[in-house]
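J.: If you're matching them up, the sequences are chains P and E in order.
Per the working numbering, the first sequence starts with residue 1, numbered consecutively.
Per the working numbering, the second sequence starts with residue 1, numbered consecutively.
It is worth saying that the hints were derived from the structure and are not from the lab.
Keep in mind that a hint or two might mislead.
One copy or two, it doesn't matter: identical chains are merged, so the pair holds either way.
Said to hold, decoys possible - Derived SDA-like pairs (lysine to any residue); straight-line CA-CA distance at most 25 Å: (1) 103 <-> 307; (2) 182 <-> 147; (3) 60 <-> 35; (4) 148 <-> 243; (5) 165 <-> 239; (6) 291 <-> 307; (7) 194 <-> 151; (8) 209 <-> 46; (9) 179 <-> 316; (10) 217 <-> 193; (11) 80 <-> 147; (12) 165 <-> 155.
Chain by chain, the residues run as shown.
There are 2 protein chains.
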Amino acid sequence: MKIGILGYGNLGKGVELAAEQNPDVELAAIFTRRNPDDLSVRSKTANVVSINDIADWQDKIDVLIICGGSATDLPEQTPKYAKMFNVIDSFDTHAKIPEHYEKVNKSALENKHTAIISVGWDPGLFSLNRMYANAILPNGKDYTFWGKGVSQGHSDAIRRIEGVKNAKQYTIPVDKALKSVKNCENPELTTREKHTRECFVVAYDWADKAKIENEIKTMPNYFADYDTTVHFITEEELEKEHSGIPHGGFVIRTGKTSENTNHVIEYSLKLDSNPEFTSSVLIAYARAAFKLCGEKQFGCKTVFDIAPAYLSAKSPEELRKTML
Amino acid sequence: MKIGILGYGNLGKGVELAAEQNPDVELAAIFTRRNPDDLSVRSKTANVVSINDIADWQDKIDVLIICGGSATDLPEQTPKYAKMFNVIDSFDTHAKIPEHYEKVNKSALENKHTAIISVGWDPGLFSLNRMYANAILPNGKDYTFWGKGVSQGHSDAIRRIEGVKNAKQYTIPVDKALKSVKNCENPELTTREKHTRECFVVAYDWADKAKIENEIKTMPNYFADYDTTVHFITEEELEKEHSGIPHGGFVIRTGKTSENTNHVIEYSLKLDSNPEFTSSVLIAYARAAFKLCGEKQFGCKTVFDIAPAYLSAKSPEELRKTML
Chain P
1 MKIGILGYGN LGKGVELAAE QNPDVELAAI FTRRNPDDLS VRSKTANVVS
51 INDIADWQDK IDVLIICGGS ATDLPEQTPK YAKMFNVIDS FDTHAKIPEH
101 YEKVNKSALE NKHTAIISVG WDPGLFSLNR MYANAILPNG KDYTFWGKGV
151 SQGHSDAIRR IEGVKNAKQY TIPVDKALKS VKNCENPELT TREKHTRECF
201 VVAYDWADKA KIENEIKTMP NYFADYDTTV HFITEEELEK EHSGIPHGGF
251 VIRTGKTSEN TNHVIEYSLK LDSNPEFTSS VLIAYARAAF KLCGEKQFGC
301 KTVFDIAPAY LSAKSPEELR KTML
Chain E
1 MKIGILGYGN LGKGVELAAE QNPDVELAAI FTRRNPDDLS VRSKTANVVS
51 INDIADWQDK IDVLIICGGS ATDLPEQTPK YAKMFNVIDS FDTHAKIPEH
101 YEKVNKSALE NKHTAIISVG WDPGLFSLNR MYANAILPNG KDYTFWGKGV
151 SQGHSDAIRR IEGVKNAKQY TIPVDKALKS VKNCENPELT TREKHTRECF
201 VVAYDWADKA KIENEIKTMP NYFADYDTTV HFITEEELEK EHSGIPHGGF
251 VIRTGKTSEN TNHVIEYSLK LDSNPEFTSS VLIAYARAAF KLCGEKQFGC
301 KTVFDIAPAY LSAKSPEELR KTML
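So here's chain P without its partners, still in its complex pose (with noise of 0.2 Å):
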């Protein structure tokens, strides 16, 4: 399978190091909105392509995965290039997926292709997590916690605050609440008791360290709901100790099935690097994709519409003799 990565940053370099890893996968190319030349890659053999070109790669690429962000790349892209191509994306934003769903669908439809979108962890492995738990035990209870992980968008609304160098800030799973719902003790969880937020934070010198701290801790939508621990530390400190992008989290249903039995269902993920890992579960579907292309299921599909057996490169008769 020869596959085409759109987009080099996180996302496109994790998927990069994944292809290495799947011996049937071919990283046949890699289209950039930046001059090729200026672009260094770690592939030896990918060749490097300006996004202006991807039209030439129709024959010559079996899937694109599409590594552009949420906001504002995928609702264009994810449409766009499945007239071109089997396309996969990590579209994450839950509330617009019916809507770029209908977009992708009758795109790839209309030209034959397959389509993945929101494929990852969450959306992705949780969803099916979650739905698998819900189908086999409907009189239940589901909670998702996530972290503790970096999240991205959180150290962002940190660095716009003004005397802010730099900031990293780390969701957490709040351990009581967690042990409660192990326990089917079915809470009921605020934000705040779910979650607590730290933050560390690279203060310029003439900066106002109290009112940076303020502004953090009640910030609207981002902080305001959570109990925030601010740290102030040096920008060699970040940088020695809080570079990477660890993430994961918990997907738990709880759930009855006569009246005084529990059964407690846990799916979880600690995770080194968030876009690395994500780029693995977008390099298994992206075979899926490839395959189910080959049996001329065009169209958009979820995470939700694939048998698990098209994501693995073993076939049929081995998974059911080896993993079954």
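Given the coordinates of chain P, assemble chain E onto it according to the supplied hints.
T.: Using the frame of chain P, we list chain E on its own:
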């Protein structure tokens, strides 16, 4: 969807309970090898029917859930009844799955039915999670731990010892091993290092307890390779403290996406009742079999072949909107 249950043991009773929780499911009939008049069932509406009359029900039920044992019942029943019905079973003799698959597939294909075999949690949900995790992290290591839970086979083995009146055996994962796995230490674990076995035994008055304990602890295959604890208790204590059939376990895959980047994917179940939970999985896959048959997707399937959305009573639109 109208379902039938074949066999009214723990599993069949669990399916009966699970059917009550799913408004789209109607339990039409319970088929039994016993005299139907002697069978007292929970359901007020289901017909209790002799297995000899099962052929009369071919147009009256959509899916037959076969609740027999894997040792002798299912290898014979599932291929046989796949001629008459769409069928689901929980065949769990891992080594014989390929052979069972072939027989059921032939029978289902010839008679235009959909069959799903080896449904439950292991095989079943655990298999799914092993497979997804392997597809996503090709460079990694798998671990499965079972328990804490009752092993029926091991309890039976103890009951066969001279002087034993009754017994219950729990399989317990070793906490140290579990922690090492979750910490990405990639341990190589022996049988003894992964699980311990705890036995609660009711002995006859005349029995030699020291001899029983020794026989248990040295029993090949069942106990000899484990650290085993034996407690002698009264029949009343056994009834009061150990009458449940809890189980569960952990499927963990740890893997790398680059040199120092580790990830942990963990799936765990904590079940108050093994048969009630297994039955809930069977009902969800019965729904899938019914939908697949409607699409003329005949033949034998496993959990690997079935897109998650088929398990749900919700529409694809609803799933995308609420669960993705």
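J.: Now look at each hint and say whether the structure bears it out.
T.: How the hints compare with the structure:
no., hint, result
1, 103 <-> 307, "both (23 Å within a copy, 22 Å between copies)"
2, 182 <-> 147, "both (16 Å within a copy, 16 Å between copies)"
3, 60 <-> 35, "within (21 Å within a copy, 67 Å between copies)"
4, 148 <-> 243, "within (15 Å within a copy, 39 Å between copies)"
5, 165 <-> 239, "within (13 Å within a copy, 66 Å between copies)"
6, 291 <-> 307, "both (11 Å within a copy, 14 Å between copies)"
7, 194 <-> 151, "within (15 Å within a copy, 36 Å between copies)"
8, 209 <-> 46, "neither (47 Å within a copy, 71 Å between copies)"
9, 179 <-> 316, "neither (39 Å within a copy, 33 Å between copies)"
10, 217 <-> 193, "within (16 Å within a copy, 47 Å between copies)"
11, 80 <-> 147, "neither (34 Å within a copy, 50 Å between copies)"
12, 165 <-> 155, "within (11 Å within a copy, 64 Å between copies)"
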